[in-house]
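Quick note on this note's numbering: the sequence shown kicks off at -14 and runs consecutively.
Rather than coming from a laboratory, the hints here were simulated on the basis of the structure.
We put the beta carbon where it would ideally sit given N, CA and C, even for glycine.
Just to be clear, a hint being listed does not mean it is correct.
What the hints assert, rightly or not - As a list, the in silico EDC-like pairs of lysine to aspartate or glutamate whose alpha-carbon atoms are at most 16 Å apart:
{"no.": "1", "residue 1": "LYS167", "residue 2": "ASP(-4)"}
{"no.": "2", "residue 1": "LYS44", "residue 2": "GLU154"}
{"no.": "3", "residue 1": "LYS162", "residue 2": "ASP(-4)"}
Said to hold, decoys possible - Derived CB-CB ranges, DEER-like:
{"no.": "4", "residue 1": "SER226", "residue 2": "GLN191", "range": "49 to 55 Å"}
{"no.": "5", "residue 1": "SER45", "residue 2": "ASN123", "range": "33 to 39 Å"}
{"no.": "6", "residue 1": "GLN182", "residue 2": "GLN137", "range": "38 to 44 Å"}
{"no.": "7", "residue 1": "GLN180", "residue 2": "GLU129", "range": "42 to 48 Å"}
{"no.": "8", "residue 1": "ASN92", "residue 2": "LYS121", "range": "18 to 24 Å"}
{"no.": "9", "residue 1": "GLN184", "residue 2": "TYR89", "range": "54 to 60 Å"}
{"no.": "10", "residue 1": "GLN222", "residue 2": "GLN187", "range": "31 to 37 Å"}
{"no.": "11", "residue 1": "PHE159", "residue 2": "LYS121", "range": "22 to 28 Å"}
{"no.": "12", "residue 1": "LEU149", "residue 2": "GLN186", "range": "57 to 63 Å"}
{"no.": "13", "residue 1": "GLN181", "residue 2": "THR18", "range": "38 to 44 Å"}
{"no.": "14", "residue 1": "ASN106", "residue 2": "GLN192", "range": "35 to 41 Å"}
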Amino acid sequence: MKKFQQQSIEDQITLLILGDNQVGKTSLIIRYTQDIFDEVYNHKKTLNCNSLLKNDVSKSIFIENQCVHLQIHDISGPEKYIFIDRVYRKAQGIFIIYDVTNRYSFNSIQQWISQIDNIANEGVIRILIGNKCDQKDNRAVTFEEGNLLAQQYGIPFFETSVKLSINIENSLIFLIKLIMQKQEQQQQQQQQQQQQQQQQQQQQQQQQQQQQQQQQQQQQQLIIKNEKKNQKLKLKQNNQSKNIQSCI
-14 MKKFQQQSIE
-4 DQITLLILGD
6 NQVGKTSLII
16 RYTQDIFDEV
26 YNHKKTLNCN
36 SLLKNDVSKS
46 IFIENQCVHL
56 QIHDISGPEK
66 YIFIDRVYRK
76 AQGIFIIYDV
86 TNRYSFNSIQ
96 QWISQIDNIA
106 NEGVIRILIG
116 NKCDQKDNRA
126 VTFEEGNLLA
136 QQYGIPFFET
146 SVKLSINIEN
156 SLIFLIKLIM
166 QKQEQQQQQQ
176 QQQQQQQQQQ
186 QQQQQQQQQQ
196 QQQQQQQQQQ
206 QLIIKNEKKN
216 QKLKLKQNNQ
226 SKNIQSCI
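Throw the hints in and build the complete structure from the sequences for me.
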């Protein structure tokens, strides 16, 4: 993938990956950005509160002939990072991940979504991920359960395997396209609002011009009326003067 040093704001997308410890968040990032799976990855290396904004992962990709610069943040443990409001508010898309072999991580999804609702920007795009779907013998959460939970929250759902690279790129591309569609809709709405504002301004200008024309017409009519009145008055005065002279 090509990387560009300069990116417009419209081409930058910030993603956040949430979920309990050891569900595969950091491994998912490494798999996507480096196409590597480290089975003995040291989970203690996961980004901490102090280094989160400095060590975020960046990647540039092409989607629909458009270069998009991604910034991906990994947060571990709701009890540890519940106060990182600014990271939540920067996110345009959020992965909420659980481990299909760990029911506790699945039960925590409600807490994560509640945290998103309380902190993140309204309307941020979310997607639910059930990771480690390759571990069929150890599965504790069925596909149907994950899909039903996603439907309850009205968000897309994927099962992934970082180890076998199943649905890693598909889920991420899906999320990015949703974000791009939302951005496009927002741009269209802004354009419509600008057009409406321009139309309103034009209407106001037209109304002002009409008012000015009406005022000018009224002034002209008043001038004409006064002139006629003066003419009548002069004529009357002249007639009176003639009558007086005739009497003399």
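For this session: If any of the earlier hints don't hold here, list their numbers in rising order.
Result: Checked against the structure, the only hint that fails is number 10, while the rest are satisfied.
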